[in-house]
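Visitor: Between the sequences and the hints, there should be enough to build the whole structure, so can you do that?
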Amino acid sequence: MELKHLSERYENEFLAPYATRCSDSKGRKVFEEKDINRTCFQRDRDRIFFSRSFRKLQHKTQVFIIQEGQSYRNRYIHTMQVALHARMIARFLKANEDLCEAIAYAHDVGHPPFGHAGEEEICLISKEKAGFDFEHNIQSLRVVHFLEKRNGMDGLNLCFETLEGIVRHQTISDKPKDIPDEFLQYKAPSIEAQIVNVADEIAFSIHDLYDAYKAKLFSKVQIEELRKISLWKDSNERFGLLTHILINDVLENSLEALSKIKSIEELRNNDVICTISAKTIEKLRELQKFLFRYVYKSPAVTIMDNKGRKIIRNLFNEFWKKPELLPVNSLNKLENEDKTRVIIDFLAGLSDIEANNLHKSYCDLYKELII
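Quick note: the sequence shown uses the working numbering, first residue 2, plus one each step.
In case anyone wonders, no lab produced these hints; they're calculated from the structure. A couple of the hints might just be wrong.
[To be verified] Here are the simulated SDA-like pairs of lysine to any residue, each with C-alpha atoms no more than 25 angstroms apart in a straight line:
#, residue 1, residue 2
1, 290, 273
2, 178, 147
3, 95, 56
4, 308, 124
5, 340, 314
Guide: Laid out in C-alpha coordinates, this is it:
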(Lines of atoms letter the chains of each structure in order from A and count residues from 1; the text may use other names and numbers.)
(Lines give C-alpha, C1' and ligand atoms only; values in the text may rest on other atoms or scores of the structure.)
Protein backbone atom coordinates (compact mmCIF):
# COMPACT_ATOMS: atom_id res chain seq x y z
CA MET A 1 0.00 0.00 0.00
CA GLU A 2 1.31 3.47 -0.88
CA LEU A 3 2.34 5.60 2.11
CA LYS A 4 -0.10 8.34 1.12
CA HIS A 5 -3.04 5.95 1.38
CA LEU A 6 -1.95 4.93 4.88
CA SER A 7 -1.85 8.61 5.88
CA GLU A 8 -5.25 9.29 4.33
CA ARG A 9 -6.76 6.24 6.02
CA TYR A 10 -5.31 7.48 9.32
CA GLU A 11 -6.93 10.88 8.74
CA ASN A 12 -10.33 9.34 7.99
CA GLU A 13 -10.28 6.95 10.94
CA PHE A 14 -8.57 9.01 13.62
CA LEU A 15 -9.10 12.74 13.04
CA ALA A 16 -11.98 14.55 14.71
CA PRO A 17 -14.94 15.88 12.65
CA TYR A 18 -13.63 19.45 13.01
CA ALA A 19 -10.11 18.58 11.78
CA THR A 20 -8.87 19.41 8.27
CA ARG A 21 -8.48 16.37 6.02
CA CYS A 22 -6.41 16.35 2.85
CA SER A 23 -9.40 14.95 0.98
CA ASP A 24 -11.32 18.16 1.82
CA SER A 25 -8.54 20.58 0.83
CA LYS A 26 -9.49 23.49 -1.42
CA GLY A 27 -6.35 22.69 -3.37
CA ARG A 28 -3.58 24.75 -4.94
CA LYS A 29 -3.66 27.82 -7.15
CA VAL A 30 -1.98 25.85 -9.94
CA PHE A 31 -3.19 22.27 -10.35
CA GLU A 32 -0.67 19.50 -9.67
CA GLU A 33 -0.91 15.74 -9.95
CA LYS A 34 -1.05 14.04 -6.55
CA ASP A 35 2.10 12.57 -5.03
CA ILE A 36 1.98 8.78 -4.65
CA ASN A 37 3.66 8.79 -1.22
CA ARG A 38 2.72 12.07 0.47
CA THR A 39 -0.51 13.85 1.28
CA CYS A 40 -0.98 17.44 0.11
CA PHE A 41 -0.10 18.86 3.55
CA GLN A 42 3.00 16.68 3.83
CA ARG A 43 4.13 18.06 0.48
CA ASP A 44 3.53 21.62 1.72
CA ARG A 45 5.55 20.92 4.85
CA ASP A 46 8.46 19.56 2.81
CA ARG A 47 8.43 22.46 0.33
CA ILE A 48 8.62 24.96 3.17
CA PHE A 49 11.29 22.98 5.03
CA PHE A 50 13.57 22.84 1.98
CA SER A 51 12.99 26.45 0.92
CA ARG A 52 15.72 29.08 0.99
CA SER A 53 13.69 31.34 3.28
CA PHE A 54 13.26 28.60 5.88
CA ARG A 55 16.99 27.82 5.92
CA LYS A 56 17.77 31.49 6.54
CA LEU A 57 15.84 31.41 9.83
CA GLN A 58 18.88 29.84 11.51
CA HIS A 59 20.70 33.16 11.06
CA LYS A 60 17.81 35.45 12.06
CA THR A 61 17.34 36.92 15.53
CA GLN A 62 14.52 35.83 17.83
CA VAL A 63 15.13 38.36 20.66
CA PHE A 64 18.86 38.47 21.32
CA ILE A 65 21.05 39.44 18.36
CA ILE A 66 23.51 36.57 18.33
CA GLN A 67 27.23 37.14 18.21
CA GLU A 68 29.91 34.47 17.81
CA GLY A 69 30.09 32.07 20.75
CA GLN A 70 26.58 32.81 22.03
CA SER A 71 23.82 30.20 22.19
CA TYR A 72 20.57 32.16 22.30
CA ARG A 73 17.63 30.79 20.36
CA ASN A 74 17.49 31.97 16.77
CA ARG A 75 14.29 32.13 14.74
CA TYR A 76 14.88 28.64 13.33
CA ILE A 77 15.03 27.04 16.79
CA HIS A 78 11.94 29.01 17.81
CA THR A 79 10.10 27.77 14.71
CA MET A 80 11.01 24.14 15.43
CA GLN A 81 9.77 24.52 19.00
CA VAL A 82 6.48 25.98 17.78
CA ALA A 83 6.11 22.98 15.45
CA LEU A 84 6.90 20.59 18.32
CA HIS A 85 4.28 22.15 20.62
CA ALA A 86 1.74 22.29 17.77
CA ARG A 87 2.13 18.61 16.89
CA MET A 88 1.70 17.62 20.52
CA ILE A 89 -1.48 19.67 20.92
CA ALA A 90 -2.82 18.46 17.55
CA ARG A 91 -2.33 14.83 18.54
CA PHE A 92 -4.42 15.21 21.69
CA LEU A 93 -7.11 17.25 19.92
CA LYS A 94 -7.20 14.82 16.96
CA ALA A 95 -6.32 17.58 14.51
CA ASN A 96 -4.12 17.27 11.41
CA GLU A 97 -0.49 17.21 12.63
CA ASP A 98 0.97 17.58 9.13
CA LEU A 99 -0.98 20.78 8.44
CA CYS A 100 0.02 22.13 11.87
CA GLU A 101 3.66 21.43 11.07
CA ALA A 102 3.46 23.10 7.65
CA ILE A 103 1.87 26.25 9.10
CA ALA A 104 4.37 26.33 11.98
CA TYR A 105 7.36 26.03 9.63
CA ALA A 106 6.09 28.89 7.47
CA HIS A 107 4.78 31.31 10.10
CA ASP A 108 8.03 33.31 10.36
CA VAL A 109 9.63 32.92 6.91
CA GLY A 110 8.79 36.55 6.16
CA HIS A 111 10.40 37.88 9.32
CA PRO A 112 13.19 40.43 8.67
CA PRO A 113 16.66 40.29 10.26
CA PHE A 114 17.31 41.69 13.76
CA GLY A 115 14.05 40.48 15.31
CA HIS A 116 11.12 42.75 16.07
CA ALA A 117 13.38 45.82 15.92
CA GLY A 118 14.16 44.99 12.29
CA GLU A 119 10.47 44.55 11.53
CA GLU A 120 9.54 47.83 13.21
CA GLU A 121 12.19 49.73 11.23
CA ILE A 122 11.06 48.23 7.93
CA CYS A 123 7.46 49.13 8.84
CA LEU A 124 8.50 52.74 9.45
CA ILE A 125 10.26 52.83 6.07
CA SER A 126 7.31 51.27 4.22
CA LYS A 127 4.92 53.86 5.70
CA GLU A 128 7.24 56.79 4.95
CA LYS A 129 8.10 55.77 1.40
CA ALA A 130 5.06 53.91 0.09
CA GLY A 131 2.21 54.30 2.58
CA PHE A 132 1.78 50.63 3.48
CA ASP A 133 2.26 48.72 6.73
CA PHE A 134 4.89 45.99 6.63
CA GLU A 135 3.81 43.00 8.74
CA HIS A 136 5.80 39.79 8.81
CA ASN A 137 2.81 37.41 8.61
CA ILE A 138 1.62 39.09 5.42
CA GLN A 139 5.24 39.02 4.22
CA SER A 140 5.40 35.28 5.00
CA LEU A 141 2.42 34.81 2.68
CA ARG A 142 4.21 36.91 0.04
CA VAL A 143 7.34 34.77 0.44
CA VAL A 144 5.62 31.41 -0.11
CA HIS A 145 3.17 32.76 -2.69
CA PHE A 146 5.50 34.89 -4.81
CA LEU A 147 9.12 35.43 -3.72
CA GLU A 148 10.24 31.81 -3.36
CA LYS A 149 10.86 30.05 -6.67
CA ARG A 150 10.04 26.45 -7.52
CA ASN A 151 10.38 24.72 -10.89
CA GLY A 152 10.81 28.10 -12.59
CA MET A 153 7.55 29.44 -11.14
CA ASP A 154 6.81 32.12 -8.56
CA GLY A 155 5.90 30.72 -5.15
CA LEU A 156 5.70 27.25 -3.64
CA ASN A 157 2.12 26.63 -4.82
CA LEU A 158 0.93 25.64 -1.35
CA CYS A 159 -2.57 24.48 -0.43
CA PHE A 160 -5.21 27.04 0.54
CA GLU A 161 -5.33 25.71 4.12
CA THR A 162 -1.59 26.21 4.64
CA LEU A 163 -1.73 29.74 3.22
CA GLU A 164 -4.72 30.58 5.41
CA GLY A 165 -2.87 29.37 8.52
CA ILE A 166 0.11 31.58 7.65
CA VAL A 167 -1.82 34.78 7.02
CA ARG A 168 -4.24 34.33 9.94
CA HIS A 169 -1.46 33.75 12.44
CA GLN A 170 -2.29 35.77 15.53
CA THR A 171 -0.76 36.13 19.02
CA ILE A 172 -0.39 38.98 21.52
CA SER A 173 2.44 40.38 19.35
CA ASP A 174 1.17 39.27 15.91
CA LYS A 175 -2.02 40.94 14.70
CA PRO A 176 -1.87 41.02 10.89
CA LYS A 177 -3.82 43.66 8.96
CA ASP A 178 -4.83 43.69 5.32
CA ILE A 179 -5.56 39.95 5.17
CA PRO A 180 -6.76 39.10 1.64
CA ASP A 181 -10.54 38.55 1.51
CA GLU A 182 -10.17 34.99 0.22
CA PHE A 183 -8.80 34.00 3.65
CA LEU A 184 -11.60 35.71 5.58
CA GLN A 185 -14.50 33.59 4.36
CA TYR A 186 -14.99 32.21 7.87
CA LYS A 187 -15.14 33.77 11.32
CA ALA A 188 -12.35 31.51 12.61
CA PRO A 189 -9.40 29.84 10.89
CA SER A 190 -8.95 26.05 10.89
CA ILE A 191 -8.34 24.22 14.17
CA GLU A 192 -4.78 23.61 12.94
CA ALA A 193 -4.15 27.35 12.48
CA GLN A 194 -5.58 27.97 15.95
CA ILE A 195 -3.24 25.35 17.39
CA VAL A 196 -0.16 26.96 15.81
CA ASN A 197 -1.23 30.37 17.14
CA VAL A 198 -1.36 29.14 20.73
CA ALA A 199 1.81 27.03 20.30
CA ASP A 200 3.69 30.15 19.18
CA GLU A 201 2.52 32.16 22.19
CA ILE A 202 3.64 29.38 24.56
CA ALA A 203 6.99 28.97 22.79
CA PHE A 204 8.13 32.58 22.71
CA SER A 205 6.97 33.36 26.25
CA ILE A 206 8.86 30.48 27.84
CA HIS A 207 11.93 30.39 25.64
CA ASP A 208 12.56 34.15 25.74
CA LEU A 209 12.44 33.91 29.53
CA TYR A 210 14.76 30.89 29.44
CA ASP A 211 17.37 32.65 27.29
CA ALA A 212 17.35 35.76 29.47
CA TYR A 213 17.51 33.70 32.67
CA LYS A 214 20.42 31.53 31.48
CA ALA A 215 22.25 34.63 30.23
CA LYS A 216 22.01 36.07 33.77
CA LEU A 217 20.27 39.14 32.37
CA PHE A 218 18.21 39.65 35.54
CA SER A 219 19.37 41.42 38.68
CA LYS A 220 18.72 39.89 42.10
CA VAL A 221 15.81 42.29 42.59
CA GLN A 222 14.30 41.25 39.24
CA ILE A 223 14.67 37.54 40.07
CA GLU A 224 12.81 38.16 43.33
CA GLU A 225 10.08 39.88 41.33
CA LEU A 226 9.95 36.91 38.95
CA ARG A 227 9.51 34.54 41.89
CA LYS A 228 6.32 36.40 42.85
CA ILE A 229 4.73 35.79 39.45
CA SER A 230 2.10 33.09 39.88
CA LEU A 231 2.92 31.02 36.76
CA TRP A 232 6.59 30.88 37.73
CA LYS A 233 5.62 29.80 41.25
CA ASP A 234 3.22 27.18 39.88
CA SER A 235 6.06 25.68 37.83
CA ASN A 236 8.44 25.46 40.80
CA GLU A 237 10.80 27.64 38.71
CA ARG A 238 11.22 24.87 36.12
CA PHE A 239 10.94 25.71 32.44
CA GLY A 240 9.86 22.21 31.40
CA LEU A 241 7.04 22.19 33.93
CA LEU A 242 5.98 25.67 32.82
CA THR A 243 5.59 24.36 29.24
CA HIS A 244 3.65 21.36 30.56
CA ILE A 245 1.29 23.60 32.56
CA LEU A 246 0.46 25.80 29.57
CA ILE A 247 -0.04 22.96 27.08
CA ASN A 248 -2.21 21.05 29.55
CA ASP A 249 -4.28 24.18 30.09
CA VAL A 250 -4.85 24.52 26.33
CA LEU A 251 -5.95 20.89 26.10
CA GLU A 252 -8.31 21.07 29.07
CA ASN A 253 -9.75 24.38 27.94
CA SER A 254 -10.27 23.24 24.35
CA LEU A 255 -11.41 19.63 24.64
CA GLU A 256 -14.76 20.31 26.29
CA ALA A 257 -15.73 22.99 23.76
CA LEU A 258 -14.51 20.89 20.83
CA SER A 259 -16.53 17.87 21.98
CA LYS A 260 -19.68 19.79 20.97
CA ILE A 261 -18.38 20.67 17.49
CA LYS A 262 -19.66 18.27 14.82
CA SER A 263 -18.13 19.67 11.62
CA ILE A 264 -15.46 21.92 10.15
CA GLU A 265 -18.14 24.45 9.17
CA GLU A 266 -19.41 24.65 12.74
CA LEU A 267 -15.87 25.20 14.05
CA ARG A 268 -15.10 27.89 11.48
CA ASN A 269 -18.31 29.81 12.12
CA ASN A 270 -17.61 29.87 15.84
CA ASP A 271 -15.25 31.97 17.95
CA VAL A 272 -11.68 30.69 18.23
CA ILE A 273 -11.84 27.60 20.45
CA CYS A 274 -8.25 26.42 20.87
CA THR A 275 -7.01 28.90 23.46
CA ILE A 276 -5.39 29.22 26.85
CA SER A 277 -8.05 29.53 29.58
CA ALA A 278 -9.02 33.00 30.83
CA LYS A 279 -7.53 32.29 34.26
CA THR A 280 -4.19 31.11 32.87
CA ILE A 281 -3.96 33.78 30.16
CA GLU A 282 -4.16 36.37 32.93
CA LYS A 283 -1.19 34.69 34.61
CA LEU A 284 0.67 34.48 31.29
CA ARG A 285 0.12 38.19 30.61
CA GLU A 286 1.72 38.89 34.01
CA LEU A 287 4.78 36.92 32.91
CA GLN A 288 4.82 38.64 29.50
CA LYS A 289 4.74 42.07 31.17
CA PHE A 290 7.82 41.01 33.13
CA LEU A 291 9.50 39.96 29.86
CA PHE A 292 8.60 43.23 28.18
CA ARG A 293 9.97 45.31 31.04
CA TYR A 294 13.16 43.42 31.81
CA VAL A 295 14.02 41.57 28.58
CA TYR A 296 12.59 43.22 25.46
CA LYS A 297 13.26 46.72 26.83
CA SER A 298 16.44 45.87 28.73
CA PRO A 299 19.57 47.98 28.01
CA ALA A 300 21.40 44.95 26.54
CA VAL A 301 18.61 44.20 24.06
CA THR A 302 17.86 47.86 23.30
CA ILE A 303 21.48 48.66 22.38
CA MET A 304 21.64 45.78 19.89
CA ASP A 305 18.14 46.53 18.58
CA ASN A 306 19.13 50.12 17.84
CA LYS A 307 22.17 48.93 15.90
CA GLY A 308 19.97 46.54 13.93
CA ARG A 309 17.50 49.34 13.14
CA LYS A 310 20.29 51.61 11.89
CA ILE A 311 21.74 48.87 9.71
CA ILE A 312 18.32 48.32 8.09
CA ARG A 313 17.83 52.08 7.61
CA ASN A 314 21.33 52.64 6.19
CA LEU A 315 20.99 49.73 3.77
CA PHE A 316 17.60 50.95 2.56
CA ASN A 317 18.96 54.45 1.97
CA GLU A 318 21.96 53.06 0.11
CA PHE A 319 19.82 50.85 -2.17
CA TRP A 320 17.36 53.71 -2.71
CA LYS A 321 20.17 55.97 -3.95
CA LYS A 322 21.96 53.19 -5.85
CA PRO A 323 19.45 50.49 -6.90
CA GLU A 324 22.12 49.04 -9.17
CA LEU A 325 23.66 47.55 -6.00
CA LEU A 326 20.67 45.21 -5.68
CA PRO A 327 21.05 41.63 -6.95
CA VAL A 328 19.93 40.94 -10.51
CA ASN A 329 16.64 39.24 -9.60
CA SER A 330 15.62 42.31 -7.54
CA LEU A 331 16.78 44.72 -10.25
CA ASN A 332 14.61 42.94 -12.81
CA LYS A 333 11.53 43.49 -10.64
CA LEU A 334 12.00 47.27 -10.69
CA GLU A 335 10.52 47.37 -14.19
CA ASN A 336 7.08 46.30 -12.94
CA GLU A 337 7.05 46.84 -9.17
CA ASP A 338 7.30 49.73 -6.74
CA LYS A 339 10.91 50.57 -5.84
CA THR A 340 10.21 50.61 -2.08
CA ARG A 341 8.47 47.22 -2.28
CA VAL A 342 11.41 45.64 -4.13
CA ILE A 343 14.02 46.95 -1.68
CA ILE A 344 11.94 45.92 1.34
CA ASP A 345 11.42 42.41 -0.07
CA PHE A 346 15.18 42.14 -0.45
CA LEU A 347 15.98 43.49 3.03
CA ALA A 348 13.33 41.34 4.74
CA GLY A 349 14.81 38.26 3.11
CA LEU A 350 18.30 38.85 4.48
CA SER A 351 19.73 36.98 7.44
CA ASP A 352 21.43 38.97 10.20
CA ILE A 353 24.80 37.87 8.81
CA GLU A 354 23.96 38.94 5.26
CA ALA A 355 22.71 42.33 6.44
CA ASN A 356 25.89 42.86 8.45
CA ASN A 357 28.12 41.90 5.52
CA LEU A 358 26.27 44.18 3.10
CA HIS A 359 26.55 46.99 5.62
CA LYS A 360 30.32 46.48 5.81
CA SER A 361 30.53 46.57 2.01
CA TYR A 362 28.23 49.47 1.20
CA CYS A 363 28.05 51.68 4.29
CA ASP A 364 31.68 52.50 5.13
CA LEU A 365 30.68 55.54 7.18
CA TYR A 366 28.84 53.38 9.69
CA LYS A 367 31.40 50.73 10.62
CA GLU A 368 30.82 51.39 14.33
CA LEU A 369 27.41 49.71 13.92
CA ILE A 370 28.79 46.31 12.94
CA ILE A 371 27.26 43.62 15.16
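Visitor: A separate judgement is required for each hint: does it hold in the structure or not?
Guide: Against the structure, the hints come out as follows:
The hinted pair formed by residue 290 and residue 273 meets the criterion: a straight-line CA distance of about 24 angstroms does not exceed 25 angstroms. Of the pairs offered as hints, the one joining residue 178 and residue 147 holds, with about 19 angstroms between alpha carbons and a cut-off of 25 angstroms not exceeded. Between residue 95 and residue 56 the CA atoms are separated by roughly 30 angstroms; this puts the pair beyond 25 angstroms, and the hint is violated. Annotation: proposed proximity of residue 308 to residue 124 holds, straight-line Cα distance about 16 angstroms (limit 25 angstroms).
For the hint pairing residue 340 with residue 314, the CA-to-CA distance comes to about 15 angstroms; that is within 25 angstroms, so the pair holds.
Hint compliance for this structure: hint 3 is the single one not met.
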